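Participant: Spelled out from the first residue to the last, the chains are:
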Amino acid sequence: MAKYNLKINGKSRQVDADPNTPILWVLRDHLQMPGTKYGCGMGLCGACTVHLNGTAVRSCQLPVSSIGKQEITTIEGLSEKATHPVQKAWLEHDVAQCGYCQAGQIMSAAALLREKPNPTEEEIELGMSGNICRCGTYLRIKEAIKTAAKK
Amino acid sequence: MEKTQSTYSRRSFLKSSALAGGGFMLSFTWLSGFKPADKLKELNLPEQLNQLTGYIQITADNVIKIMCPNPEFGQNVMTSLPMMIAEELDADWKNVVVEMAPHDNMKFGSQFTGGSQSVRSYWKPLRNAGASARQMLVEAAAATWGVSVGEITTKAGVLYHKSGKSARYGEMAAKASTLSVPKEVKLKSPKDFSIVRNSKKNVEGIKIVTGKPLFGIDYHHEGMLIAMAQHPPAFGMKLKSFDASEVQKMPGIKHVFSIQVFPEGFEKQMFDTRTFNELVIVVGNSTWEVMNARKKLKVEWEVTTDTKEMVNMRGNKNEQLVPGGLESTSSHLEKMQVRAKQPATVLRKDGDPETMFKNAAYVVERTYNAPFLAHNCMEPMNFFAHVTDEKAVLAGPLQAPALIEPTLTKRLNLPADKIEIQMTRMGGGFGRRAYGHYLVEAALISKQVKAPVKMIYTREDDMTYGIYRPMYTATYRAALDANKNLIAFHVKGGGIPEHPIAANRFPAGAVEHYLAEGWEIPSNITIGAFRAPRSNFNAAAEQSFLDELAEAMGKDPIEFRLELLKRAKENPVGKNNDYDPDRYAGVLKLARDKSGWGKPENGKYSRGIAAYFCHNSYAAHVVDIIRKDDEPYVEQVTSAIDCGIVVNPDAASNMVQGAVVDGIGNAFYGGLTHKNGLAEQNNFHTYRIIRHHEAPKRIDVHFVQNDIDPTGLGEPPFPPVFGAVANALYKNTGKRHYNMPFKSELLKS
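Going down the list, the protein sequences come from chains C and S.
Counting with this note's numbering, you get residues 1 to 151 for the letters of the first sequence.
Counting with this note's numbering, you get residues 1 to 749 for the letters of the second sequence.
Chain C extracted, bound-state conformation:
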């Protein structure tokens, strides 16, 4: 076990954890921030996507010891009251079915739009292809990203 000072959603958080613990489980178990979801544990499904210095990463593959001073943003930190353009677009298109993967989808979409404010259809597909939605809401996700891009 080791102590880490993490910067999460603009706040400083201290945790005592095994250095290999993925940030996913630090968030969920140590900090009781369960918005970031476990889906596969292998970086295959994207449910655990968070931002590391603004870039989308799979938190299940990111040991706590590797973070250092880098800033983590989770779905809880994107905006508290769904005021982020991507969250608003998700509500406008009523994207979710079961909703489990959507935090990861939203975090991937927000990072994609930061990098490419006006993505093409192909860029959206490519940027989002790491996020699985078992309910099949892909078409609405794409529409929501297009809507968010306009704002």
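It should be emphasised that the hints constitute simulated quantities derived from the structure, not laboratory data.
From a predicted model like this one, the values you see are computed outputs, not experimental measurements.
Incomplete in silico selection of chain C near chain S, CB under 8 Å:
(1) T21
(2) P22
(3) C40
(4) C45
(5) D94
(6) Q97
(7) I106
Computed cross-link-like contacts, EDC-like style, restricted to lysine to aspartate or glutamate with a CA-CA straight-line distance of at most 20 Å:
(8) S/K628 with C/E123
(9) S/K295 with C/D18
(10) S/K569 with S/E559
(11) S/K335 with S/E520
(12) S/K604 with S/D629
(13) S/K207 with C/E76
(14) S/K697 with C/E123
(15) S/K628 with C/E125
Taking beta-carbon pairs under 10 Å as the criterion, some of the chain S residues facing chain C (in silico):
(16) E72
(17) F73
(18) K200
(19) E204
(20) I208
(21) G211
(22) E379
(23) R425
(24) A651
(25) G658
(26) D662
(27) F684
The C-beta atom is built at its ideal place from N, Cα and C for all residues, glycine as well.
Assemble the complex: chain C is given as a structure, and chain S must be docked to it using the hints.
Facilitator: Chain S only, in chain C's frame:
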């Protein structure tokens, strides 16, 4: 306007009571006065569970709180069921607050999410409750204003009198709570709907997009421990012994022990499906610690021998054989080929099919195969349990609390009223969460360690020890006369371990000479319901066969189906045909018209059509394939659905689009294979799920407009996707595809 009795039987009642602070609460209870009670009986629920109760609360400050009885797994019942109440109540939807009801079958009915039943079975009862509450508010206003009831109108949560008087519902709620419940209420005619048929957003949308803890896996309790179960590494194996010494020394680990989920000789209920009776459990402080420690377990497993288990199937006790030993897909396929040639159980026979086949000028015969499918809910199986000597509190994702409660009472030795089950939002279900063995596992673990515990399956646990869609095969045969008229039809289907055949479905009833047969091969690989059970295979096989048959007969595939349906309507063959030919033809025609079937401008697409009836509703899809990166790609789909009245149209479209994506994904990639009992796919790198770039660019959903009471939507759109994909694929590749998943077949060819 339709009048309904608010009391369905002598044991039924609506009851009003006052709320502290001047509000009004309407409880409603009634017995099986509504059709789907038959379905509930099939599930072997106790008689009293056919009651349905719930409540509407109206507070003095105009908040209308509605409890949603059924668990939510993405079918949007938390929005659509309250809409039905709000419609008849004439509530202002903005003031409606929805909460998930706790498990209480006496108060909330069967609470069963499955079988596309939720909206269908609650349609009349919930509207009746809304109308009763409205009527009481009207009576309260009439008495207050000294006017007659007939002079009062309601709109969006406000009562109006022609004199200009008006009051919000909250103002009359306290008075309404003192009135007796009306014996009879009038339900609205569909033309007067203002909430139903008008799209409302998901009531949990904001919570979902802000990452609130909605799901079972998010459940937190002070002092809670984390548990994982080590299953045998393969079907056909069981625990022999284990050495926990190394694991116990690992950081954060509290307990290592084994549990008997269902002890030997335990009489299982129908949904207690589980092969693995003994598991090694690791309990510790955090998920990561437990996950790592479990890898250090030293376990000896042994191969099982044949066993028999008693299963109580809806009141009928059946002794079932669970074969011992290690099974493989290759041996399954061989066994199925051998078994398919042997005699089978006749499920339906009309006319004299044997003679007709003997005298046929042409016989078309094709065999279709499909693998086991894993549900792969995005949220893996998990459950929270806190069991003490006095009571058990459980919380998590579950489709059917009433089905697991009797088993919990037996395994925990606690009466049902000491078992509290909270249903969280589910990260997918697809049938998987009707099988509640994981609650039993969580409860037994908590009981053993005397602490609150959350048990979690890893993705690998979830995928490799599932309750799968069975492995199926079916051979279809058609006899044609010299003029290529269809004179006889034969389907013989089998599966491991159950056959898929629905003998009274189309084209039964449309062909003079018809035979349906089924056979089964027992297995120790556990199977269960998977979105539209059996239909999800039948629609692939039968609809591919009809397409090939139409081609052999020189007919357009839609016209051919419409001819058969005309026959089924005008001069049906046999009895018990379970579909309505008009509604079936309706979706075919709608799909034909909306897709521009046969129009030259659509010549650029390889088009396939399929339609199917199941779970009381009708669906047809036209699938359009193009080549993308030299591979077949479904670029657009036109869907036509008849599920009666559509309560929440935009959410309904979302669900149909999802069913189409799910169907394409499973048709192309879905499949679980075994080698010596071991699942060969264990995570998303080996079990391929359809992704963003593989989903169609467009899915246009069209609903047949009618005033038929809702007939269900979660499952019906799913099965015909498989057939439509197969038929479009044929147009694209020039080859018929008989083996799912199709992409594996394409790679082989």
